[in-house]
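Enquirer: One-letter residues, chain by chain:
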Amino acid sequence: MSHLDWTDLLFGQLRLSDFPPKGNMIATFAAMLVVVAALLTAGLITWYGKWRALWSEWLTSLDHKKIGIMYIVIAFVMLSRAVIEAALIRTQQAFAVNAAGVVGADHFGQLFTTHGSVMIFFMAMPFLSGVINYVLPLQIGARDLVFPFMNAVGLWLTAAGAALLMASLVIGEFSTGGWSGYPPFTELAYSPGEGVDYWIWAVTLSSLGSTLTGINFAVTIYKKRAPGMDLFRMPLFCWTALCTAILMIFAMPPLTVATGLLALDRYAGFHFFTNALGGDMMNYANLFWLFGHPEVYILILPAFGIWSEVISTFSGKRLYGYSSLVFATMAIAVLSFTVWLHHFFTMGQGANVNAAFGIATMTIGIPTGVKVYDWLLTMYRGRIRLAAPMLFAITFLLCFVIGGLTGIILANPSVDFAVHNSLFLVAHFHNMLIPGTLFGMIAAYMFWFPKAFGYRLDERWGVIAWGLWSAGFLLAFMPLYALGLMGAMRRTAQFFEPAYQAWLYAAWAGAGLIFCGLAALFIQLWASIRKRAMLAVPLGDPWDGHSLEWWGPAPPPEWNFPVIPKVKETEAFMRMKREGTAYEEPDSYEDIEMPRNTAIPVVIGAAGFVAAFALTWHIWWAALAGVLAMWGGVIWRSFETAPNEIIPAQEVSERWNAFLAAARKAQGIGRRDETTAANRGLAEHQT
Amino acid sequence: MRRVLAPALAPLLLLPGCRAAPDGVIAPAGPVAAAQFDHLLFILALVLIVVVPVFLFLPWVLWRYRFGRKDAPYRPDWTFSRPLEFLIWGVPVVIVAVLAWQTWHQTHRLDPYRPLDGTAPLRIQAVGLNWKWLFIYPEQDIATVNELVIPQGRDLALQLTADGPMMSFMIPRLGGQIYAMAGMTTQMHLAADREGTFSGLNTQYNGPGFAQQRFRVRSVSEAEFAAWSAQARSRPPLGHAALAQLADPSTVGAPIVFGSVEPGLFQSVVAKYHTGKQAPAMARITEAGQ
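Chain order of the listed sequences is A and B. By the count of our numbering, the first sequence reaches residue 687 at its end, each step adding exactly one. By the count of our numbering, the second sequence reaches residue 290 at its end, each step adding exactly one.
These are calculated hints, taken from the structure and not from any lab test.
Have a look at the derived ranges for each label pair, beta carbon to beta carbon: (1) A:Ala-42 to B:Ala-244: 53 to 59 Å; (2) B:Pro-121 to A:Gln-349: 20 to 26 Å; (3) A:Pro-192 to B:Pro-236: 31 to 37 Å; (4) B:Glu-139 to A:Gln-349: 26 to 32 Å; (5) A:Phe-496 to B:Ala-241: 30 to 36 Å; (6) B:Arg-69 to A:Ala-666: 24 to 30 Å.
Glycine included, every Cβ here is placed at the ideal spot set by N, Cα and C.
Taking the hints into account, I'd like the entire structure generated from these sequences.
Expert: Rendered as structure tokens:
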């Protein structure tokens with residue numbers, strides 16, 4: 001064998017020239033930023049000697065609470081990357097009216113592709129998976145998800161996909177085919193490099209992880225509810241989690257199939273979506289959006305649940321129209337599978353088909369509108385406290401109806417023909433996903449953070465973050481509506497119409513504000529950590545909460561509940577507080593069985609990363625090794641005979657009795673002092 | 001309709017740029033775009049019935065029921081009202097029912113495949129190439145690249161395909177867009193109701209030259225069109241060899257005009273993806289710059 005063959009065999013298509021420095025300064029800087037950030041993180045962990053603690057208490061944990069927090073850490077890291085990319089996209093377009101702008105056309109293609117892929121698959125999905133992971137078992141009175149091991153596997157597959165996207169910033173280039181990866185552009189004939197392969201395997205890892213996670217959430221809700229908690233006594237967030245889980249189970253497989261077939265085209269000479277030899281890209285469009293449309297409801301439904309909790313809690317009221325909201329949520333979940341064609345009204349199918357899908361799409365507006373009014377009526381005759389999560393809720397309500405309005409406009413095929421692929425469309429879906437999903441996730445983070453870490457987040461920086469995000473969103477996206485109506489299209493690295501200039505500058509300024517909003521979130525976290533003693537809420541109920549997750553200390557013990565509570569109504573914890581039984585000692589304690597930590601999910605995730613990276617670069621031996629190691633991990637786990645450990649009743653009772661004693665000794669505080677240092681997490685008894 | 005609904009869009013129109021919008025559906029220059037924009041305004045007005053109350057009710061609720069206020073009623077356990085349920089479900093149902101009725105009719109009326117009601121249409125065959133548009137006028141036996149000259153007031157019947165990735169053909173001021181896909185043909189019907197120059201473009205990303213895949217639409221009088229097409233016939237012809245050269249990924253600066261077109265050229269672009277063999281011609285876009 002010649003020297004070259006050995007290089008191919010060992011390194012596939014990977015060459016030294018694929019490593020930095022890259023072709024332009026911005027790409028090189030981004031690559032160096034990733035490397036430096038990774039080294040800095042590793043260095044800090046070493047400096048503080050935290051590797052062992054990190055490994056044994058976090059990475060190998062099967063505790064749903066820790067897995068949830070790790071999901072959210074991934075989401076914040078990826079959010080930072082994608083916000084920076086968004087700022088760069090806005091900068092490019094602001095300076096590209098009859099000019100070249102700051103990045104080249106190909107680089108711009110990579111930017112909008114990674115921005116979309118990261119935001120959907122590695123920001124929004126991990127964020128909502130993290131929030132559901134953390135909150136769901138606590139709300140239904142369970143000690144963990146029903147499959148803790150599978151939960152960790154889902155996390156580490158998602159982490160592997162996120163890592164692959166980060167690697168793509170350093171090594172080689174990413175796809176320019178957009179987050180939807182439409183062939184035939186993404187076929188070998190038009191995208192011969194490694195970019196599309198990076199995209200395929202990152203998305204595949206993420207969708208496998210999400211399928212597992214969806215199964216886990218749904219089964220947990222069906223099987224692990226506390227006694228007395230009928231489905232119609234679940235907090236609304238659990239209903240939205242259930243609908244999301246069902247959507248994940250049915251919507252992720254079409255995506256896995258679509259990317260799998262595209263991979264066969266690219267790797268094995270198949271012709272599913274090619275131009276010639278019988279390929280048909282229209283099949284891809286159908287498969288992708290059969291996933292893609294339910295996906296947007298996967299993203300928005302948990303946020304609807306979060307808004308329900310936040311608005312009800314900070315209005316000091318029960319949720320108005322609980323069953324209305326449940327039926328509306330279920331209706332949205334079912335209808336979401338009937339509208340996928342509205343993503344390509346312009347593909348040339350007949351008017352009957354277009355009209356049918358258009359009408360189905362508008363139908364979703366009905367339950368969604370009902371929800372908005374249910375939330376308004378929840379605030380009506382309440383006592384509204386404008387804490388940071390509630391402020392985000394108000395921005396959400398005001399902006400979301402604008403997004404709904406433009407959504408109905410886009411649902412009409414005749415109008416869609418005029419604004420499809422335009423910045424009007426870009427404005428619409430950002431209008432749904434930023435005030436809807438992202439603000440929902442930020443509100444959830446601020447709302448449940450005290451439960452997870454035992455101290456509140458700094459309120460002042462929370463309000464600043466809200467102001468920056470809200471103003472930034474409006475300034476960045478309202479101009480895009482106007483630009484779309486004025487004929488400006490998406491994904492273009494250059495404009496030729498001087499009238500766009502003022503609007504593009506406005507949107508650019510909006511992106512700047514959003515960037516500052518992101519910084520404010522990090523400053524808030526930093527400030528809160530420093531002041532954590534003052535912000536501490538060890539007694540676990542800082543907002544006078546309604547549902548079970550607020551019962552017990554913050555942070556909760558690994559086993560969540562010393563005894564599984566008996567539930568009598570929807571707002572279970574509020575009822576306990578009203579009856580005065582919330583802090584009473586239970587009759588007896590029992591031993592609790594909890595899953596033992598295991599390194600296997602981390603190994604499976606790492607092997608998944610190796611397999612995906614190797615497939616991207618055609619390093620066949622490593623790809624094979626990675627896939628075998630993944631399955632090896634699963635098989636290895638099946639030989640585990642003692643996956644659980646016993647926590648003796650003695651330990652449980654000591655911990656819980658100490659909490660009860662502290663709670664009984666403490667003075668409950670009124671809502672007026674909610675954001676002061678007096679708030680130790682015990683709410684004043686209300687009559 | 002537009003005049004009646006103008007107040008709804010007033011805030012938008014007051015802003016600089018929009019008032020004198022030079023492009024887009026907001027400045028229609030043909031019956032299709034005008035009908036699309038009218039329908040947009042109709043939907044806007046109807047849906048505002050649901051949206052406006054939110055903008056009025058929410059600030060009022062926030063003010064009246066703010067924490068610390070003693071004189072407003074407080075009903076923490078109030079969770080249901082039958083009349084309100086009927087209202088919040090009923091109003092959207094009625095609005096969507098009206099919209100659905102409209103959608104059905106408008107979708108059929110504005111179906112891009114449906115010929116317009118006017119004169120005998122001018123037939124144009126459009127081929128999307130990386131990164132340019134080729135227009136063949138079969139009746140005039142001429143072809144152009146990146147310039148579409150049309151007679152004002154005459155209906156246009158477009159047939160589209162692509163030789164490359166999927167593209168989307170659009171003239172924003174005339175109305176709408178339709179995908180152009182290799183091996184397939186789609187159709188579109190448009191008309192311009194005034195003379196002028198409009199922009200046309202591909203709206204579906206297809207590589208580094210995407211932003212430059214634009215063309216100029218010149219809407220001229222019938223007489224001017226006849227004169228222009230007669231003059232065009234003196235230009236060099238378009239055959240398979242010239243087409244293969246055009247199909248190479250590149251952008252085109254100034255528009256090109258061809259004087260005669262090899263018969264069946266458009267059909268041959270479609271047919272070459274149905275030979276059962278790997279399609280020739282389309283080179284890989286490895287190092288093609290912008």
